[in-house]
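Asks: The residues making up each chain are set out below.
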Amino acid sequence: MKIITEYLELKTKGDGDYHNITSHIETRLKETGLEEGSVTIFVGGSTAGLTTFEFEPGLYKDIKELFEGLAPKSKNYHHNMAWHDGNGYAHVRSAICKPTFTCPFSKGKLLLGTWQQIVFLEFDNRSRDRKIILQFMGY
Amino acid sequence: MKIITEYLELKTKGDGDYHNITSHIETRLKETGLEEGSVTIFVGGSTAGLTTFEFEPGLYKDIKELFEGLAPKSKNYHHNMAWHDGNGYAHVRSAICKPTFTCPFSKGKLLLGTWQQIVFLEFDNRSRDRKIILQFMGY
Amino acid sequence: MKIITEYLELKTKGDGDYHNITSHIETRLKETGLEEGSVTIFVGGSTAGLTTFEFEPGLYKDIKELFEGLAPKSKNYHHNMAWHDGNGYAHVRSAICKPTFTCPFSKGKLLLGTWQQIVFLEFDNRSRDRKIILQFMGY
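Protein chains in written order, with this note's numbering: chain A, 1 to 139; chain B, 1 to 139; chain C, 1 to 139.
Honestly, the hints are just simulated from the structure, not real lab data.
Only true hints are included.
Copies of the same chain are indistinguishable here, so a pair counts whether it falls within one copy or spans any two.
Keeping only pairs whose Cα atoms sit at most 25 Å apart, straight-line, the calculated SDA-like set for lysine to any residue is:
1) K11 / E31
2) K131 / I96
3) K107 / R28
4) K107 / Y139
5) K11 / S106
6) K109 / Y139
7) K2 / E36
8) K75 / E56
9) K13 / K61
10) K131 / L8
11) K64 / R128
12) K11 / Q117
13) K2 / G33
14) K2 / L110
15) K73 / P57
16) K13 / G113
17) K61 / H19
18) K61 / K75
19) K13 / R126
20) K64 / H19
21) K61 / M81
22) K11 / R126
Since the structure is predicted, the reported quantities are computational estimates derived from the model, not experimental observations.
Construct the complete structure from the given sequences, taking the supplied hints into account.
Replies: Shown next as structure tokens:
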């Protein structure tokens with residue numbers, strides 16, 4: 001049984017910059033040599049999220065609209081009133097989406113569906129240098 | 001320490017067909033003989049979700065209404081415009097609900113509340129043959 | 001490889017009573033002596049949730065408003081019509097937020113961002129004695 005904790009670095013352009021990180025994770029998984037287990041992907045931060053969806057241009061827009069509906073940019077957030085950083089919506093989107101995602105693997109492969117990708121969602125209102133945690137657990 | 005990756009097969013009737021899969025998972029857990037650890041339940045697919053709720057007819061309807069509010073069927077999804085499969089709402093619901101759920105167990109039992117059940121949520125607009133992944137990790 | 005399943009007891013005041021449980025988890029983690037792995041936090045119950053956010057008074061209110069928007073108290077829930085316990089909104093909020101959260105740790109520390117806290121969200125309409133499950137897995 002091994003636990004391997006790694007980091008995936010990503011430069012983002014701010015809110016709505018969503019990244020398909022599936023192939024990065026698959027490559028790292030192959031390098032670990034692990035066959036059975038799971039990977040927990042985690043963002044150490046309060047203004048981003050993780051989920052899966054079919055990463056195609058239509059859904060990309062649909063998911064943006066989903067989060068705009070859940071926490072509109074134009075709303076007056078209590079967070080902004082105190083901190084004046086204008087990213088209250090990003091914090092709220094992150095709290096509902098959550099920055100954690102666990103995906104099992106077997107025979108050395110992530111058990112994703114054919115059209116299912118693991119996506120990092122940048123919600124913050126500015127460019128960020130992200131270090132996404134990948135923790136593989138298995139043998 | 002053991003990792004056991006299994007599949008639970010389920011035929012669904014399309015959107016709004018929610019299945020209480022708790023007793024299936026409990027049975028499989030007993031068969032593994034594991035006492036301490038956790039099970040990650042995962043759907044390899046982009047149009048379904050997993051969560052827990054009290055599986056009674058009233059809440060069943062309330063949860064349907066929750067997802068109808070989050071991603072209404074009648075909305076014009078960019079996904080549908082490109083792919084014409086009419087299930088854009090199902091993809092969006094899956095992205096916000098997420099297809100992963102981790103539940104710890106101890107002394108051979110899932111640590112669920114008395115009225116809390118693990119539920120598979122079918123969001124797709126047609127009947128599906130689902131293979132739900134159950135990955136038990138523990139000893 | 002060790003699995004340690006513990007409980008964190010918490011008395012809550014009912015809906016909107018959110019608790020920052022990060023320092024409790026960090027203390028327990030230190031006591032386990034584990035260096036690498038992850039902790040799964042889980043609520044055995046259907047009317048609470050777990051997530052991370054920056055635990056400051058502004059966002060505290062913003063997150064309350066998020067859940068009030070997702071499942072308003074004033075809505076007529078099918079659950080309430082059958083059970084008359086008036087907490088239908090709490091069940092729905094729990095189903096969308098989910099009662100499970102997995103956080104990796106490395107070198108004995110939770111891999112959270114500087115301003116990111118793990119928060120227990122009470123949604124129920126009355127005071128509750130909560131036993132939150134903390135399951136540490138690692139070495």
